[in-house]
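There are 2 protein chains.
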Amino acid sequence: MKLQNDLILRAAKRLPTERTPIWIMRQAGRYLPEYRAVRAKHDFLTMCKTPELASEVTIQPVDIIGVDAAIIFSDILVIPEAMGMHLEMNEGKGPVFTSPIKTKDDVLKLKDPDPSKDLKFVLDAISLTKKELNGRVPVIGFAGAPWTILTYMVEGQGSKSFSKVKKLVYGNPELAHSLLEKITKATAAYLSAQIEAGASIVQIFDTWAGILSPRDYQVFAMRYVQQLISEIKRLQGPASTEKDTPIIYFPKGVHYLMHELKEVGADAISVDWTLELEKVRRKIGDKVAIQGNLDPTVLYAEPSFIKREARKVLESFGKGHGHIFNLGHGILPDIDPANVKVLVNYVKEESKSFHH
Amino acid sequence: MKLQNDLILRAAKRLPTERTPIWIMRQAGRYLPEYRAVRAKHDFLTMCKTPELASEVTIQPVDIIGVDAAIIFSDILVIPEAMGMHLEMNEGKGPVFTSPIKTKDDVLKLKDPDPSKDLKFVLDAISLTKKELNGRVPVIGFAGAPWTILTYMVEGQGSKSFSKVKKLVYGNPELAHSLLEKITKATAAYLSAQIEAGASIVQIFDTWAGILSPRDYQVFAMRYVQQLISEIKRLQGPASTEKDTPIIYFPKGVHYLMHELKEVGADAISVDWTLELEKVRRKIGDKVAIQGNLDPTVLYAEPSFIKREARKVLESFGKGHGHIFNLGHGILPDIDPANVKVLVNYVKEESKSFHH
Numbered sequence: 214m215k216l217q218n219d220l221i222l223r224a225a226k227r228l229p230t231e232r233t234p235i236w237i238m239r240q241a242g243r244y245l246p247e248y249r250a251v252r253a254k255h256d257f258l259t260m261c262k263t264p265e266l267a268s269e270v271t272i273q274p275v276d277i278i279g280v281d282a283a284i285i286f287s288d289i290l291v292i293p294e295a296m297g298m299h300l301e302m303n304e305g306k307g308p309v310f311t312s313p314i315k316t317k318d319d320v321l322k323l324k325d326p327d328p329s330k331d332l333k334f335v336l337d338a339i340s341l342t343k344k345e346l347n348g349r350v351p352v353i354g355f356a357g358a359p360w361t362i363l364t365y366m367v368e369g370q371g372s373k374s375f376s377k378v379k380k381l382v383y384g385n386p387e388l389a390h391s392l393l394e395k396i397t398k399a400t401a402a403y404l405s406a407q408i409e410a411g412a413s414i415v416q417i418f419d420t421w422a423g424i425l426s427p428r429d430y431q432v433f434a435m436r437y438v439q440q441l442i443s444e445i446k447r448l449q450g451p452a453s454t455e456k457d458t459p460i461i462y463f464p465k466g467v468h469y470l471m472h473e474l475k476e477v478g479a480d481a482i483s484v485d486w487t488l489e490l491e492k493v494r495r496k497i498g499d500k501v502a503i504q505g506n507l508d509p510t511v512l513y514a515e516p517s518f519i520k521r522e523a524r525k526v527l528e529s530f531g532k533g534h535g536h537i538f539n540l541g542h543g544i545l546p547d548i549d550p551a552n553v554k555v556l557v558n559y560v561k562e563e564s565k566s567f568h569h
Numbered sequence: 214m215k216l217q218n219d220l221i222l223r224a225a226k227r228l229p230t231e232r233t234p235i236w237i238m239r240q241a242g243r244y245l246p247e248y249r250a251v252r253a254k255h256d257f258l259t260m261c262k263t264p265e266l267a268s269e270v271t272i273q274p275v276d277i278i279g280v281d282a283a284i285i286f287s288d289i290l291v292i293p294e295a296m297g298m299h300l301e302m303n304e305g306k307g308p309v310f311t312s313p314i315k316t317k318d319d320v321l322k323l324k325d326p327d328p329s330k331d332l333k334f335v336l337d338a339i340s341l342t343k344k345e346l347n348g349r350v351p352v353i354g355f356a357g358a359p360w361t362i363l364t365y366m367v368e369g370q371g372s373k374s375f376s377k378v379k380k381l382v383y384g385n386p387e388l389a390h391s392l393l394e395k396i397t398k399a400t401a402a403y404l405s406a407q408i409e410a411g412a413s414i415v416q417i418f419d420t421w422a423g424i425l426s427p428r429d430y431q432v433f434a435m436r437y438v439q440q441l442i443s444e445i446k447r448l449q450g451p452a453s454t455e456k457d458t459p460i461i462y463f464p465k466g467v468h469y470l471m472h473e474l475k476e477v478g479a480d481a482i483s484v485d486w487t488l489e490l491e492k493v494r495r496k497i498g499d500k501v502a503i504q505g506n507l508d509p510t511v512l513y514a515e516p517s518f519i520k521r522e523a524r525k526v527l528e529s530f531g532k533g534h535g536h537i538f539n540l541g542h543g544i545l546p547d548i549d550p551a552n553v554k555v556l557v558n559y560v561k562e563e564s565k566s567f568h569h
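Same order as they appear, the protein sequences are chains A and B. Counting in the working numbering, the first sequence runs from 214 upward without gaps. Counting in the working numbering, the second sequence runs from 214 upward without gaps.
Hints may be right or wrong, so weigh each one.
For identical chains, the list gives no copy identity; a pair is met inside one copy or between any two copies.
Stated by the list, open to error - With a straight-line Cα cutoff of 27 Å, these simulated BS3-like cross-link-like pairs (lysine-lysine) come out:
no.: 1; residue 1: Lys520; residue 2: Lys317
no.: 2; residue 1: Lys377; residue 2: Lys315
no.: 3; residue 1: Lys317; residue 2: Lys475
no.: 4; residue 1: Lys377; residue 2: Lys554
no.: 5; residue 1: Lys373; residue 2: Lys554
no.: 6; residue 1: Lys520; residue 2: Lys380
Since the hints were derived computationally from the structure, they do not count as laboratory data.
Could you build all of it, start to finish, from the sequences and the hints given here?
Following this line, the structure appears as structure tokens:
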């Protein structure tokens, strides 16, 4: 089953493409009426855990919006759940761990999940999606970065002050490190299994990377991403750098350490809209591809404004290869899908002139 | 009434000091049992609007913690309230505007407040505090930056996605600019009146500066701060740059445009813990003083850890003048006051060696 559209794979390797590929973070989601129709009948976790449902909503944006890749519908918290934590859906607040990690015993009790058993539903969803897509676009697999997963495991849910996780890190760094090691190991096996199941590219979401100081980010976050990526590459076995499955790393809110970030092992770095692609490219674009970075709220505006802002993003990256167009963060649930189509069509057409 | 401790004023002007001055953002607040005792008897807005109560909690951290300045107890939202918006306290969620700004009519209806009437309670609180302090430390006045105030006026309260304010900015920039003009004018008169009433230094809080792209930050936020500061300096009348009331600007989350920021007119720029003081100083320290930037959650840790991290902040700024020690953001309500004392005493003692 040869891929008819491998633009994102080539862009992630900084190989020549005819135009800039585009996909949208959280593209399978609440802004689509077609998604809401499925969601009305099933709860969120059931959707994650039923390959047919997950696959259905994964493919929707390919059909409806025309994006260049299909990110598997899932949640980053399935990993801690597979490690033994109890995950509950708290309507309106998102998934919550009712017994967050507090002590060394809590960490010791966590198990090393076997993806082929404990996370089979994700792997099945990927295989099924790949089959259904029949080569139209690649499937993107994903997981949370170790630091972000640890944050959820310790806070129990999102937070404003992140006081619990900071208490752990500052008060008991050894425990934080042992937990990070466990998560890294589990995530490496999980992402490798996703690749095995048919994901042609994977993204690591480090949603809470930006709450740390640069020094702590290096110690508690970046180091484990580096370890995670090298473990995935090792598990994939020997391959030419150009051929192995591309990995995108998204350290949300990180604006420092660009020189270190280009050595993290990722093929592409995803950045938010507070960074200028031009500058990021000057710092790291000779070594890694760059993904991003339209402000998601631009999609609230008129089509002419959306096009103007999309053009600014294309111009900021400039001519040449190695750019994957995306938002700087997840799409908001009350965005009009028509505006997303405007964006996707515009980027597909206008980016051509940036590639010759 | 001569000031016995004017360290913060000198540091803000990059003049020689014997040691680094320190104060704590939101130092008059919930982490202090003495504050909670007052708060138990009065609601938040009553405390803001009763000079005796505001003054009492303003002075508490000077007595209890030993900080080098007393920031007046108030709220940045008193300005929109004085402009005619209805402010309500929503317990647990903070102050809320029940009818946020939506249309041109809403903006036209706003009035130009007269600080000596509409905000007299703040001015009285400042005068009273100054009298009570009797020259022990300077009083810090403050206001929100125009962009941050506009954000609250349009969102009605804090937000995660800031969709309403982004819709306004992207969909109707003219309306945003006319509102920003109004806020800037009102805030200039307000801060000037605070200085008149006895504030020896003022801080402008731009809490939501970081939600914008660098370009939009310049257009919608920085430009108005520049306008605000030059208007305050104009209203103060001719004075030598060294003598006029110092202004600190805190653009939370802004990590770009440092070269432009040093031209904003502020005497000091306050930065959060995701920036390295060393680098900030290299970029702007020849022109403005720098305030910051300990991660507030460090105060959860053991005294030895707090001292180590405080030392890193001192070392990161390095030897010389022009540093005001502070947290990188507001103190958290569940911090132990004993830890704050550890920090303040440590900085007072250890910073001496950085000043000769």
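Hint check results:
no.: 1; hint: Lys520 to Lys317; in the structure: between (52 Å within a copy, 26 Å between copies)
no.: 2; hint: Lys377 to Lys315; in the structure: within (9 Å within a copy, 38 Å between copies)
no.: 3; hint: Lys317 to Lys475; in the structure: neither (34 Å within a copy, 47 Å between copies)
no.: 4; hint: Lys377 to Lys554; in the structure: between (41 Å within a copy, 22 Å between copies)
no.: 5; hint: Lys373 to Lys554; in the structure: between (33 Å within a copy, 25 Å between copies)
no.: 6; hint: Lys520 to Lys380; in the structure: between (45 Å within a copy, 16 Å between copies)
Hint violations for this structure: number 3 only, all remaining hints satisfied.
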